[in-house]
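Engineer: All chains should be modelled from the sequences, with the hints used to inform the complete structure.
Note that the protein sequences, when read in sequence, are chains A and B. Residue numbers for the first sequence follow this note's numbering, beginning at 1 and rising by one. Residue numbers for the second sequence follow this note's numbering, beginning at 1 and rising by one.
It is worth saying that the hints were derived from the structure and are not from the lab. No residue lacks a Cβ here, since even glycine has one placed at the ideal position from N, Cα and C. Possibly wrong hints are sitting among the right ones.
Derived coverage of chain B by chain A (criterion: at least 3 residues anywhere in the stretch with Cβ under 8 Å from a Cβ of chain A; other residues may be distant) [claimed, not checked]: (1) 68–79; (2) 153–159; (3) 227–240; (4) 246–255.
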Amino acid sequence: MFIFSCAAVPQKPAPEKGPERASEKAPFAVFPEQYRQQAIEYEKSNELPKALRCWEIVKAFQPTNEEVIRKIATLKTQIRTLADQHFKKGLSHYQNQSVAAARKEFLLTLYYHPDHTEALLYLKKKLTEEDFTLYEVMPGDTLREIAKKIYNDPQKEVLIAYFNDLGKDPKLVPKTTLRLPALETPQLKPTTEPKGIPMDPKELLVEPKETKGLKERKEMMGRAVAYFKANKYRETVALTEDILLTDPSNKEARGLTNASYYEMGKRFHQGGKYQEALEQFNHVDSGYRDSKELIASTKKQFAEVHYISGIKYFTEENLDKAVEEWQETLKLNPQHPKAKGDIENAAKLLQKLKEIK
Amino acid sequence: MQRKRKVDRTFLMRLGWVFLGIALLGGCATSKVEGPPVAEAPPRLEARVFPDFVAVIAQQGDTFTSLAAKYLNDSSMDWFIAEYNGLSALNPGQALIIPLKPYEKGGLTLKGYQIVPVLSYHNFSPDRSTNRMTVTQAAFEEQMKFLKEKGYRVITLKQFLDFLNFKAQIPKKSVVITIDDGWRSAYDIALPILKKYGYPAALFVYTDLIVGSQKTLSWELVQEMAKNGLDMQGHTKTHRDLTLMNQKESFKEYFEVIEGELSKSAGIIKAKVGKDIKYLAYPAGETNHLVIELAQKEGYLGAFTVKRGGNPFFIHNYRINRSMIYGDFDLNQFEKNLAVFSDEALK
Numbered sequence: 001m002f003i004f005s006c007a008a009v010p011q012k013p014a015p016e017k018g019p020e021r022a023s024e025k026a027p028f029a030v031f032p033e034q035y036r037q038q039a040i041e042y043e044k045s046n047e048l049p050k051a052l053r054c055w056e057i058v059k060a061f062q063p064t065n066e067e068v069i070r071k072i073a074t075l076k077t078q079i080r081t082l083a084d085q086h087f088k089k090g091l092s093h094y095q096n097q098s099v100a101a102a103r104k105e106f107l108l109t110l111y112y113h114p115d116h117t118e119a120l121l122y123l124k125k126k127l128t129e130e131d132f133t134l135y136e137v138m139p140g141d142t143l144r145e146i147a148k149k150i151y152n153d154p155q156k157e158v159l160i161a162y163f164n165d166l167g168k169d170p171k172l173v174p175k176t177t178l179r180l181p182a183l184e185t186p187q188l189k190p191t192t193e194p195k196g197i198p199m200d201p202k203e204l205l206v207e208p209k210e211t212k213g214l215k216e217r218k219e220m221m222g223r224a225v226a227y228f229k230a231n232k233y234r235e236t237v238a239l240t241e242d243i244l245l246t247d248p249s250n251k252e253a254r255g256l257t258n259a260s261y262y263e264m265g266k267r268f269h270q271g272g273k274y275q276e277a278l279e280q281f282n283h284v285d286s287g288y289r290d291s292k293e294l295i296a297s298t299k300k301q302f303a304e305v306h307y308i309s310g311i312k313y314f315t316e317e318n319l320d321k322a323v324e325e326w327q328e329t330l331k332l333n334p335q336h337p338k339a340k341g342d343i344e345n346a347a348k349l350l351q352k353l354k355e356i357k
Numbered sequence: 001m002q003r004k005r006k007v008d009r010t011f012l013m014r015l016g017w018v019f020l021g022i023a024l025l026g027g028c029a030t031s032k033v034e035g036p037p038v039a040e041a042p043p044r045l046e047a048r049v050f051p052d053f054v055a056v057i058a059q060q061g062d063t064f065t066s067l068a069a070k071y072l073n074d075s076s077m078d079w080f081i082a083e084y085n086g087l088s089a090l091n092p093g094q095a096l097i098i099p100l101k102p103y104e105k106g107g108l109t110l111k112g113y114q115i116v117p118v119l120s121y122h123n124f125s126p127d128r129s130t131n132r133m134t135v136t137q138a139a140f141e142e143q144m145k146f147l148k149e150k151g152y153r154v155i156t157l158k159q160f161l162d163f164l165n166f167k168a169q170i171p172k173k174s175v176v177i178t179i180d181d182g183w184r185s186a187y188d189i190a191l192p193i194l195k196k197y198g199y200p201a202a203l204f205v206y207t208d209l210i211v212g213s214q215k216t217l218s219w220e221l222v223q224e225m226a227k228n229g230l231d232m233q234g235h236t237k238t239h240r241d242l243t244l245m246n247q248k249e250s251f252k253e254y255f256e257v258i259e260g261e262l263s264k265s266a267g268i269i270k271a272k273v274g275k276d277i278k279y280l281a282y283p284a285g286e287t288n289h290l291v292i293e294l295a296q297k298e299g300y301l302g303a304f305t306v307k308r309g310g311n312p313f314f315i316h317n318y319r320i321n322r323s324m325i326y327g328d329f330d331l332n333q334f335e336k337n338l339a340v341f342s343d344e345a346l347k
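Structural biologist: Pasting the structure below:
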């Protein structure tokens, strides 16, 4: 209504027309020019997908600019052609088993065409060693026979059943495809010096928890046993706990750790050092030998120490300290016959003292 | 999408006010037409939304974070805007492009490709390191601070796997933090430091260790850590090396045991923490074809070794590299594990 009332004012806004559009001069006029320059730079350095993105930005601001439209069309064709060329080269290298060269070409394919699913598949799956093989069932096949054929071991039928969701003695349909995991020569866990274990070359690349390898662990274990025999329990656990950090399922190290803490706990217990004894027993796996009984006994005796200490404070009229000691008594031995009653009496006394004050 | 539509509507309304303003104030300067709505300045035009990007003129008070929240619906995508525009700081009046979709998946360029370091910790101690697997509190704090000061972004396992699957773009200086086993020190020492810096981390627990002793976590603590943002994942049940068969085991027994190592631990963690377990850290970092097939069959989406090195997007998802951070590392040695780009030129 206002517009029509004013003859001098154009009745419609000017159509969008290139960089000179009035509404773009401030503040958006900067975009097309800036990205045009960037696009040219990227073209010079052959970074064509980046150049294309910049031209697309320019086009968004100048949708009817013929030069930009042509530029985008040309770039798209160039990029598609390059992606196709690199993919073909990648396939050729792959067939010739030139893995590194194939990878480079597939990476270039994805650089030019990020949605190229086949190039991605080659990079992620096909260029690495397959973890499985496919097997087509033949008439008369059973799982045992396939296992014998593929793994040279009929017992491995269990693998075929598991990985193909088959029950026991399934009826196999000819031409069905089965997925069979690839198997390396199984490595046996050593019980003696591991000199007969074949070294997988891949292990040489790994720097595992394994900085303590089998040999080093074995050597540490030997030293730990020697320390234990010499009643040097602290030194023993220093070694066995180190082994367990890298090999927590090492039963020998676990057993020696338990035995060491157990022995240390017992000795502290016998020396009347109940706190220290409990600290040692806490490291022992529950159920180890008679540790449960020993812990209960230690706690009971330690509770008595606190109880007597409480009595001492009580006779010295230090009621707060006495209560603290008896509370400790109850923590260690909730069934203590006197501590609870004494705490209640002390609380009443404290209350009366407060009232008198 | 809703956000985009909202921006579109806002934009059109603002554009309407601009045309109205031009008509009233410019064209009718001599006429005394009073236009009350125009008396107040119309909202400033600060963004134009296109299907694939938003063009923005930064206003006073804008930050990368606020723009990411406004246009990408995710304030943590601040890096996405900063990196696209090659900026480290934002000033009013700056012209920016905010892409609405990934523009460099896999960090792939003609000069090379992005690699993501995954750091592997195990145990921590308050004062001194008793062995290489134990990192002191001071060293861990120093390392986390170093990451912050040098501009690294610690990402989640989910973000990392999206990167590996070539689905998403992540910050150029991305790092993943993992802690193995389930030692108590992960709660006492690592968690407060991770919280201080706002870093996500994954905790790979082997469930037999979670007994709540002086040195190990309890399930209550595991749950508390999960509530605090730690991502609980699998490290088997007993930490048995999955690639080794015991001398006295038949193959069938061995296979059933290792299958149980993966399935039982995942089941226990799910029951205790209430979430599906998707990632596995191999005990001692060891794996082979059979273990990989088993992990896939059991529903793990990715698995981690302890082979030192960063990870390009095309790494095998079940042979992901991790670099162990040892207790005797100084900052120089730590930094050597933080390479984020492989300059293997493609052209």
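Engineer: Examine the region 246–255 of chain B: at least three residues should have C-beta closer than 8 Å to a C-beta of chain A.
Structural biologist: holds (count 7)
Engineer: The region 227–240 of chain B covered by chain A? Criterion: 3 or more residues, Cβ-Cβ distance below 8 Å.
Structural biologist: Answer holds; 3 residues pass the 8 Å Cβ test.
Engineer: With a cut-off of 8 Å between beta carbons, are at least three residues of the region 68–79 of chain B near chain A?
Structural biologist: violated (count 0)
Engineer: Can the region 153–159 of chain B be counted as covered by chain A under the rule of three residues or more with Cβ-Cβ separation shorter than 8 Å?
Structural biologist: violated (count 0)
Violation of the numbered hints given earlier is confined to hints 1 and 2; the remaining hints are satisfied by the structure.
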